[in-house]
Amino acid sequence: MSAQNKKFVYGIFNDDAVVLNAIPVLRNKGLKVKDVISPFPIHGLDEALGLERTRISIACFLFGMTGCGLALLMTYYMNIFDWPMDIGGKPSFAFYKNLPAFIPVTFESTVLCAAHGMVITFFLRSKLLPGVEPHVIHPRMADDHFVMAIQINDDSEIANVESQLRAAGAIETKK
Amino acid sequence: MHKESELRPPLILGDKTWHDITEDVCRPVESKANKWWWLAFSLSLAAFLWWVIAVSYTVGTGLGVWGLNKTVGWAWDITNFVWWVGIGHAGTLISAILLLFRQKWRLSINRSAEAMTIFAVICAASFIVSHMGRPWVAYWPLPLPNQYGSLWVNFNSPLVWDVFAISTYFSVSLVFWYSGLIPDFAVIRDRANTKWRKRIYTILSFGWVGTAKNWQRFEEVSLVLAGLSTPLVLSVHSVVSMDFATSIVPGWHTTIFPPYFVAGAIFSGFAMVQTLLIIVRKVLTLEDYITIYHIDMMNRVILITGSIVGVAYITEFFIAWYSGVEYEQYAFINRATGPYWWAYWSMMTCNVITPQLFWSKKLRESVFATFIISIFVNVGMWFERFVIIVTSLHRDYLPSSWTMYSPTWVEAGIFIGSIGLFFTCFLIFVRVFPVIAMSELKTIVKSSSEGAKKKHAVTAKQDTQL
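Residue numbers (this note's numbering), protein chains in the order written: chain H, 15 to 189; chain P, 1045 to 1510.
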């Protein structure tokens, strides 16, 4: 969740369609809808909140290219440059001639780096690590309830925000 | 919102809400195991102990304790290795390929199928390490600098490809599985009412909170991992098949091997998924999620891949004749009529004839018939690898070295023990992990569940009356 020094009012909902419809309604009334926590991905939520598309797949592509390049470098250095072998009358003296035999290793290395690089990026970027204490706003927010976070500047806004949330379909509000 | 035709069978039976799914999936984790679970667990653990004894004896004494000889240098070890790796393939097929094809029926079964993949690859890897004879030098196939020069590994060798393929496959499957588990661990964490359960699932869930950005990244990561795993899973069994296909042994030296092995892997993997899930849905009362429709769908995959395997067997035979190569021809005639004819015909019966029974809708939808046929397929696919490996080797180019192979109790122990290891892991999995990917399954409650379809039908009726 966002930084601790900011103040939020949370609206608890029990239906994904209600949450999705409430976002533009509340925004039009001047409320700062910062985030929605849901037990499962809601389609259209990122557009409704105005989130940019994640760049994690670009990171994945770059990791994959790194893995591919490293594998080509490794096979070239080990089997062509440093210690070429002549096994069964099939010498490894030229990289381009040997390349077909190096494709499986290159492919596996590409996938290995792309997959692990992307997942590690995802974990670090989303601050998901063993031992991280979650900020649990509602005990059923991973089960069947949806939490909408509204940012406020000072406590005088609370009453207004709470009534707006209830009008938009929240079953409960929380500070 | 996505609306689905009422004509399509619902993927979730009963009028389930999101909370019902949470309750049903968390129940095994939050309750105590019954005596049947303990009985199965004890039996699996006992079998696994046999594995420990047999592997320790092999490592301590040497590979001479196995039934291998000068002619047959690979037998049960590689048979079991290929069998287990093949079984693993169904999990990745379900979670990755069916995700790319947007097949929603994968959602109830992908978690346990992926778990099966991980445990099957662990079993497979145990055969690789034990057949090396000196497992303390098992790191030698890795390209590490050493004091011999450095004398590097040979990247032209399919055995080195295999090391890369299997280790990549294992680690990527593990990461794919675990990243999907994180939101579900968070569900158990937030429900936990004991101190230790809370603490353990807090660590396992990595502090997951389902914010919009987290879900956006989560979905992208799942999609891209599926895209990466799809060619990966196809490459793994292709590489395994090249362990044989790049050799010059008659019966192995075949270009048809990669697609034939991949089809066989999916075939055996789905059979193992059926065997496991038919028990799991009953024991954990998940019949509303793993429905007859799911079983039918998997049986269709078994039917199609079984037919591909059957065509491959016949093609091999045809090519042996058509090639005019005497050695190749002898290898195949020897398979069907030689001293190992019983293995060949067991394979043909189990893999070619039994899956054809699934043309009948009645049998596809029968839990009992599916269970029996899935066992047949598991046995048949084991015999396929035995036939390929042992019958090709036991009568080689030099008739004076022709011989027979029979396993010793040690090899039998490692094989039975690996099944014990697999079931030990799987039984722990069903009690500790959420067996259904509930966060993902909840996304189809409003479109594909029986309750939602009834509501749609009612509103549709009202509309027409107006």
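Hints should not be assumed to be uniformly reliable.
Partner residues aside, some chain H positions facing chain P, computed with beta carbon under 7 Å [to be verified]:
1) S52
2) L76
3) M79
4) D157
Here are the simulated distance ranges between beta carbons [unchecked claim]:
5) H:D100 <-> P:V1355: 35 to 43 Å
6) P:W1385 <-> H:L84: 45 to 53 Å
7) H:D100 <-> P:W1081: 38 to 46 Å
20 Å max Cα-Cα, derived SDA-like pairs, lysine to any residue [to be verified]:
8) P:K1239 <-> H:P144
9) H:K188 <-> H:I72
10) H:K104 <-> P:P1202
11) P:K1257 <-> H:K104
12) P:K1239 <-> H:H149
The set of hints was computed from the structure by calculation and includes no laboratory data.
Nothing here was measured: the structure is a model prediction, and the numbers come from that model.
Yeah, the Cβ is synthetic: ideal placement off N, Cα and C, and Gly gets one too.
Hints, one by one, checked against the model:
Given hint, H:S52 at the interface with chain P, holds; its Cβ is 5 Å from that chain's nearest Cβ, closer than 7 Å. Hint status for H:L76 relative to chain P: violated, with the closest Cβ pair at about 12 Å, above 7 Å. This hint is violated: H:M79 has a C-beta 13 Å from the nearest C-beta of chain P, more than the 7 Å allowed. Here the hint on H:D157 is kept, as its CB sits about 5 Å from the closest CB of chain P, short of 7 Å.
The hint said 35 to 43 Å for the Cβ distance between H:D100 and P:V1355, and at roughly 40 Å that hint holds. Remark: the range hint 45 to 53 Å for P:W1385 to H:L84 is upheld by a beta-carbon distance near 49 Å. For the hinted restraint 38 to 46 Å between H:D100 and P:W1081, the CB-CB distance of approximately 58 Å leaves it violated. As the CA atoms of P:K1239 and H:P144 are separated by approximately 17 Å, the hinted pair is consistent with the 20 Å bound.
Our distance criterion of 20 Å between C-alpha atoms is broken by H:K188 and H:I72, whose separation comes to about 38 Å. Simply put, H:K104 and P:P1202 have alpha-carbon atoms about 15 Å apart, close enough for the 20 Å limit, and the pair holds. Using a Cα cut-off of 20 Å, the hinted pair P:K1257 and H:K104 is violated, with the two alpha carbons roughly 53 Å apart. Pair hint P:K1239 plus H:H149 holds up; C-alpha atoms about 17 Å apart against a cutoff of 20 Å.
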